[in-house]
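Residue numbers (this note's numbering), protein chains in the order written: chain D, 602 to 765; chain X, 193 to 390; chain C, -9 to 350.
No lab work stands behind these hints: they were computed from the structure. Everything numeric in this text was worked out from a predicted model, so none of it was measured. Beta carbons are placed, not taken as given, at the ideal position from N, Cα and C, and that holds for glycine. You can take every hint at face value.
FRET-style restraints, in silico, Cβ to Cβ:
#1 X:Gln202 <-> C:Gln317: 54 to 60 Å
#2 C:Asn315 <-> X:Glu239: 43 to 49 Å
#3 D:Val679 <-> C:Glu230: 28 to 34 Å
#4 D:Val679 <-> X:Arg367: 52 to 58 Å
#5 C:Thr313 <-> D:Pro624: 51 to 57 Å
#6 C:Asn177 <-> X:Lys283: 31 to 37 Å
#7 C:Ala264 <-> X:Ala255: 39 to 45 Å
#8 D:Pro624 <-> C:Asn177: 19 to 25 Å
Listed below are the simulated DSS-like cross-link pairs for lysine-lysine, each with C-alpha atoms no more than 25 Å apart in a straight line:
#9 X:Lys254 <-> D:Lys687
#10 X:Lys282 <-> X:Lys333
#11 X:Lys303 <-> D:Lys612
#12 X:Lys283 <-> C:Lys163
#13 C:Lys193 <-> C:Lys51
#14 C:Lys269 <-> C:Lys281
#15 X:Lys333 <-> D:Lys612
#16 C:Lys311 <-> C:Lys269
#17 C:Lys163 <-> C:Lys280
#18 C:Lys98 <-> C:Lys117
#19 C:Lys280 <-> C:Lys129
#20 X:Lys251 <-> X:Lys357
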Amino acid sequence: MDEFNDNEIGKLLRLKRYEQPPPGYFENFLHEFHRRQRDELLREPLWRILLERTQGFIFRLDVRSLTSYPAAIAAVLVCAAVISLKIYQEPGAANVVALQSGPALSTAVNAEGEWTLASPAATRIFRAQPLRSLNESANTHRAAIPPRYVLDSVPVSYESTFRF
Amino acid sequence: MEQPKTDEDQQLVARTQSGDAAAFDQLVIKYTPRLYGLVYNMTSNHEDTNDLLQDIFSKAYKAIRGFRGKSSFYTWIHSIAVNMTLNFLKKRGRRFHLSLDDVDTSIQNDKEFLELTATSSPVREADLSELQRRLNEAMMKLSDEHRAVVTMFHIQGMPHSEISKILRVSEGTVRSRLFYANRQLQNYLDEFRKNPVG
Amino acid sequence: MSRLSDFNRAPEFRSRFRFVSLCRLALSLFAAFGLVRLVRAQEESATAISHVKEVFERAAKAVVKIHGVDEHCEISGTGFFIDPTGTLYTAYTVGGEAGNFTIDFNGKRYPARQVLADIRSGMAILKTDVATPALPIGKSEELEVATPVVAIGYPLDLPETPNFGMIAGFDRKYLGRYFSTTHLRVNLPTQRGEAGAPLLNMKGEVVGILVSSLENNSACYAVPIEAAEKIRSDFVRFGEARHGWVGINVSEAAKQVEGSRAEMTQIMDGTPAAGSGIKPGDILLQVGRKKVHEPEDVLDASFFITAGDTVPITVMRGNEKLTFNVQAELHPASQRPPLIASPTNQAIPLKLDSEVQRTP
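Same shape as in the complex, but just chain D (with noise of 0.2 Å):
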């Protein structure tokens, strides 16, 4: 047999499973996952949040409860904060067109990979949610659950922008 027939070549492939990434890798992932989205979030104008919440909200009431006194009063208060804001976020606003049309200093061309996250400095957002018991997954190589070695790959400080 001097040649890969088909059958060599999909157990050669096969094997490629085993190639894994490092110890602690996918433990760490969902913790960056959720840093990630409260950065997106950080990102988008209040009035848009505000106004997805209020979309949210809506689509999980029904109608009757909708003509409620609570819900009317909560539909004003609403209208109000959004258009308060709206007027509060008018710099925001601004920087956010700043970083998007800025110089292209976050995406500089660089063979080893680049970041896109442009989150400016931001204050922290803290999810307190109970502890979760993790799903064992095939490819991590825990037995019991040991705490999470903090060492990360990048800072988490950085700037989009020059500015100042």
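Knowing the structure of chain D, use the given hints to seat chains X and C on it.
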């Protein structure tokens, strides 16, 4: 690799759609290893894979309210993953470098690995890491679409029917792409076997 | 027949003899000198080695393992005391997004609470109520490339561990992404669990806080201690970090003017800069005490501005050099009202308009 139970996914999707973010976390935990394999074997680059996975789940989270359950969540998220990866590869073009993950030592207990190293001369003669490199290089020589089907069928173990749903092509197309890709890989690896050095 | 003594007495021979003796003497002196130098060099290198050990032994008592619980699981990192009343510095990734902190100190476990967490500087301050040793604060400005440094951390589940390396560079950015202030890049090996470790100079003073690793943990980034001290000083003065903001966007000018390529391209409405007299197109020369030569220099200048401070800004307009005093206000990013954290603490499903942008 078998397909996951769809009722569990359905429940998690329903919970996510009604605002339970923790349910989406469960989906992330469940699908990350699978999708990692898919994206990594298409890109052969660990860092790009990590970025893409973040984008894929981010997009899925934003779009999940519009998910009507016409296909399974499995198919849906694999679709997103394959399409985003293909778009990325198109933009990346030929300018890439391999950033390969290490081979887990448990490979030494794999039945097929033991068979291959015992019987097949091309494998026995080659050092495993050299073979890994050659295989990855051969994979990168395939077109992105061909690499996608090879990854899904051979590495991820997905059936033709599933691949055709994800790529939105007929099963016949899937089979013919696999056939062609196999031939290509054989040719590249034969070259290696004939010229093992360099 | 000539005798040896006859030869000795011959004048040329005597002078040659003197010359040879002098040479021998010179050679011996040289050899002795060399030997002394060799011994001293060995002593010096032995001293350098023993210095690392000394630095470690003196400082290790003030370095602690930090345990916390974040939204998913337990976390483990490193921190160090900077005053005798239990004030701790650590990395933001350890102390910023978790709770239920405890520290291992002196063989015992103590509770700790978060005092301040600042994502922009990448650090957090915790506090425990116990009398503690403290690390003296040094100056990262005194460091140069190849200056030797020591780090002490708690890798994985192992005890306090020294690391020895050197300053590799002072970086403004990494992989195309700019830091909020210049970071120290250090060539010393790091392991998971060591985020928050102190970076010490050979005098045993803290010059940085380890925050992240690069390239398979063979090198790392540290936040300079001055950045951490700025945050702490804000806290002492105001009870919180007060990042200052003037409202000017800077980008690369077409030509260099007075040594600077930093052009102020946008003065934002409603900001302190708006009413100051600074105009778009002005070339930035200096912000506070920091001279500006290129747009990147603005990052450090910006980081150290405290809201409420009056910042002198020197610009070049045409042929005129002008200075404006602008009072900084609170950075807009720190102004985000806490509405974002909803009462039910749910992340919000957002509508996707377009494909997530990936920069090519």
